[in-house]
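Given the sequences, and given the hints that come with them, work out the whole structure.
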Amino acid sequence: MAKKWSQLIRNWMTQKMELPPDVMMDLPRITMVGQIHIYIENHRGLLAFSDREVRLLLEQGQLLVKGKAFVIKMILPEEILLEGKIDQVIYINE
Amino acid sequence: MKNQWISGLVGIVRVKVTGKGVERFLNQLTRNEILIWNVKRHGTEAITFQIKLNDVKKVRGPARQSECKIRFIERAGGPFFLQRLWTNSGFVLGGVAFFALILFLSNMVWGIEIKGASPATEYQIRKELKEMGVKIGKPQFTIENVDVIQRELTDQVKALTWVGVELRGTTYHFQVVEKEEPEKPKIYDAQNLVATKKATIVKMFVEEGEKVVSIHDHVKPGQLLVSGLIGKEDEKQKVAARGEILGETWYKSQVELPLESTFQVFSGEEKRKFYLDISGAEIPIWGFGKHEFQEYEEELNTHQLKIFKWKTPIAVTTKTIREREEVNRSYSEKEAVKRAMDLARKDIKNQLPEDAIVKGEEILHQSINNGKVKLSILFQIIEDIAKSQPIIQGDENDGRNKNDGNSTS
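Quick note, the sequences are listed as chains P and W, same order.
Be aware that the first sequence starts at 0, since it is given in numbering that gives the first Met the number 0, and climbs by one per residue.
Be aware that the second sequence starts at 0, since it is given in numbering that gives the first Met the number 0, and climbs by one per residue.
Among the hints, erroneous ones may be present.
As the list claims (entries may be wrong) - Mimicking DSS-like on lysine-lysine, the simulated pairs with C-alpha atoms at most 30 Å apart in a straight line are:
no.: 1; chain 1: W; residue 1: Lys-68; chain 2: P; residue 2: Lys-72
no.: 2; chain 1: W; residue 1: Lys-68; chain 2: P; residue 2: Lys-65
no.: 3; chain 1: W; residue 1: Lys-19; chain 2: P; residue 2: Lys-65
no.: 4; chain 1: W; residue 1: Lys-386; chain 2: W; residue 2: Lys-202
no.: 5; chain 1: W; residue 1: Lys-39; chain 2: P; residue 2: Lys-65
no.: 6; chain 1: W; residue 1: Lys-39; chain 2: P; residue 2: Lys-67
no.: 7; chain 1: W; residue 1: Lys-386; chain 2: W; residue 2: Lys-237
no.: 8; chain 1: W; residue 1: Lys-15; chain 2: W; residue 2: Lys-68
no.: 9; chain 1: W; residue 1: Lys-19; chain 2: P; residue 2: Lys-84
no.: 10; chain 1: W; residue 1: Lys-348; chain 2: W; residue 2: Lys-202
no.: 11; chain 1: W; residue 1: Lys-15; chain 2: P; residue 2: Lys-65
no.: 12; chain 1: W; residue 1: Lys-68; chain 2: P; residue 2: Lys-67
no.: 13; chain 1: W; residue 1: Lys-137; chain 2: W; residue 2: Lys-114
no.: 14; chain 1: P; residue 1: Lys-84; chain 2: P; residue 2: Lys-67
no.: 15; chain 1: P; residue 1: Lys-67; chain 2: W; residue 2: Lys-15
no.: 16; chain 1: P; residue 1: Lys-72; chain 2: W; residue 2: Lys-15
no.: 17; chain 1: P; residue 1: Lys-72; chain 2: W; residue 2: Lys-56
no.: 18; chain 1: P; residue 1: Lys-84; chain 2: W; residue 2: Lys-39
None of these hints come from the bench; they were simulated from the model.
Keep in mind it's a predicted model, so treat the numbers as computed, not measured.
If you want it as structure tokens, here you go:
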């Protein structure tokens with residue numbers, strides 16, 4: 000319950016004070032170049048990796064990227080650069 | 000993203016990971032600050048990725064904790080490349096040898112071309128060049144400078160007026176201008192022979208013309224010797240007076256010679272040093288150590304190396320150090336006088352035409368002052384004193400008057 004409250008307050012603050020949401024709320028920042036590149040910041044680790052699917056842990060929930068011929072061009076603790084043909088980017092909230 | 004060129008220099012290793020939970024293993028590695036790139040999946044259980052060579056040790060720890068097996072499958076980059084180069088050192092050696100050979104051959108003389116010379120002169124030039132060491136197959140840095148070759152050639156080969164020497168690549172080009180000595184047409188205009196100097200006539204040999212003076216006569220410069228007008232008083236004919244008139248002339252010569260003198264001469268001792276000059280930096284190749292000459296002269300000879308027609312910044316420098324000595328020369332009085340006479344004789348010979356004969360010499364005055372011998376010598380010379388002088392139309396009535404007029408002017 001406490002976590003939800005803090006989330007709500009942060010959400011309210013970013014809206015009212017016009018602060019960048021990715022900084023305030025630990026949200027992922029995703030940059031895509033067409034279908035070929037996807038660059039994800041603020042992830043919390045790699046959950047699954049195959050050449051058709053990549054699953055990433057986020058602060059809240061998971062991020063699922065589907066496509067073909069995936070290669071991780073670079074991976075750092077909080078950043079990942081994925082290359083291939085990206086078909087779908089799906090948020091999974093549980 | 001870091002620049003991967005640098006990791007390429009350091010060395011790159013491709014790692015193959017098999018087993019369960021490879022993703023967890025990857026997370027572990029990234030948390031340990033290991034840079035990972037090019038992660039690919041192969042089948043269900045295996046992935047490969049690349050890391051830097053210095054991160055290999057850091058991988059072993061997490062690998063032991065996880066359930067995965069790791070294998071290093073591919074090595075690339077700087078150190079591995081060098082290693083391969085070492086095992087295939089034959090290729091490298093071949094490359095270097097090839098380069099050295101090209102460098103050497105580019106600096107050899109491959110041709111000597113002579114243009115504008117007659118066969119006889121060309122042969123002479125080739126002979127002279129051979130003596131100088133300019134031959135096909137000689138390295139260029141053993142050969143003298145182009146300017147020196149040019150000077151030597153013009154000095155040695157008499158038939159040359161001028162020779163242009165040019166080194167184009169590996170070929171010496173010689174552009175020759177020969178002395179043109181056409182046969183002079185022996186056509187004489189009507190002329191008189193007149194004296195050039197004050198002299199006493201010793202011998203006359205007249206081919207044509209009428210003698211005006213005779214042996215033992217004293218003549219003045221410009222005086223008529225042989226007239227070009229022959230025949231009777233009324234109907235004189237004009238001919239070209241020719242002949243040889245030998246006259247006795249006198250020359251006075253002053254010579255001064257110090258009794259004591261010092262000279263700088265080379266003792267013959269020399270030391271040679273070879274340097275490789277790479278854009279200003281000198282690297283000694285041959286001839287180490289210091290010379291022990293107190294007085295010396297240095298001579299530098301630089302030769303720029305070439306690749307085909309381009310100059311390299313590498314030059315071969317030869318430094319020759321020659322020892323100099325001071326030599327004292329002292330003459331006794333008698334010797335000094337003799338030397339002075341020799342000097343005077345040489346001096347007089349330089350002034351005279353080649354066919355002149357020194358008949359006698361006489362010391363007029365001799366003194367020794369301040370360590371110097373002073374001589375004044377009178378030379379008695381026999382030489383041709385005749386000079387042709389054309390007879391100008393209108394003057395033909397009285398050539399003698401005209402010549403007298405000339406002599407005073």
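Hint check:
For the hint linking Lys-68 of chain W to Lys-72 of chain P, the alpha-carbon distance of about 22 Å falls within 30 Å, and the restraint holds. Under the criterion of a C-alpha separation no larger than 30 Å, the hint pairing Lys-68 of chain W with Lys-65 of chain P is consistent with the structure, at around 27 Å. Taken as a hint, the Lys-19 of chain W and Lys-65 of chain P pair is honoured in the structure, with Cα atoms around 21 Å apart against an allowance of 30 Å. Of the pairs offered as hints, the one joining Lys-386 of chain W and Lys-202 of chain W holds, with about 15 Å between alpha carbons and a cut-off of 30 Å not exceeded.
Between the alpha carbons of Lys-39 of chain W and Lys-65 of chain P the distance comes to roughly 15 Å, so the proposed pair stays at or under 30 Å and holds. The hinted pair formed by Lys-39 of chain W and Lys-67 of chain P meets the criterion: a straight-line CA distance of about 12 Å does not exceed 30 Å. At roughly 17 Å between alpha-carbon atoms, Lys-386 of chain W and Lys-237 of chain W fall within 30 Å of each other, so this suggested pair holds. Of the pairs offered as hints, the one joining Lys-15 of chain W and Lys-68 of chain W holds, with about 8 Å between alpha carbons and a cut-off of 30 Å not exceeded.
Only pairs whose Cα atoms come within 30 Å are accepted, and Lys-19 of chain W paired with Lys-84 of chain P is accepted, the gap being roughly 26 Å. Proximity of Lys-348 of chain W to Lys-202 of chain W is assessed by CA-CA distance (about 21 Å); at most 30 Å being required, the pair is judged to hold. For the proposed pair Lys-15 of chain W and Lys-65 of chain P, the alpha carbon gap of about 24 Å is at most 30 Å, so the pair holds. Between Lys-68 of chain W and Lys-67 of chain P the CA atoms are separated by roughly 26 Å; this keeps the pair inside 30 Å, and the hint holds.
Between the alpha carbons of Lys-137 of chain W and Lys-114 of chain W the distance comes to roughly 21 Å, so the proposed pair stays at or under 30 Å and holds. Taken as a hint, the Lys-84 of chain P and Lys-67 of chain P pair is honoured in the structure, with Cα atoms around 5 Å apart against an allowance of 30 Å. This hinted pair checks out: Lys-67 of chain P and Lys-15 of chain W have alpha carbons roughly 21 Å apart, not beyond 30 Å. As the CA atoms of Lys-72 of chain P and Lys-15 of chain W are separated by approximately 16 Å, the hinted pair is consistent with the 30 Å bound.
A C-alpha spacing of about 22 Å is found between Lys-72 of chain P and Lys-56 of chain W, which places the hinted pair at or below 30 Å, so the restraint holds. Using a Cα cut-off of 30 Å, the hinted pair Lys-84 of chain P and Lys-39 of chain W holds, with the two alpha carbons roughly 14 Å apart.
In summary, the structure agrees with every hint in the numbered list given earlier.
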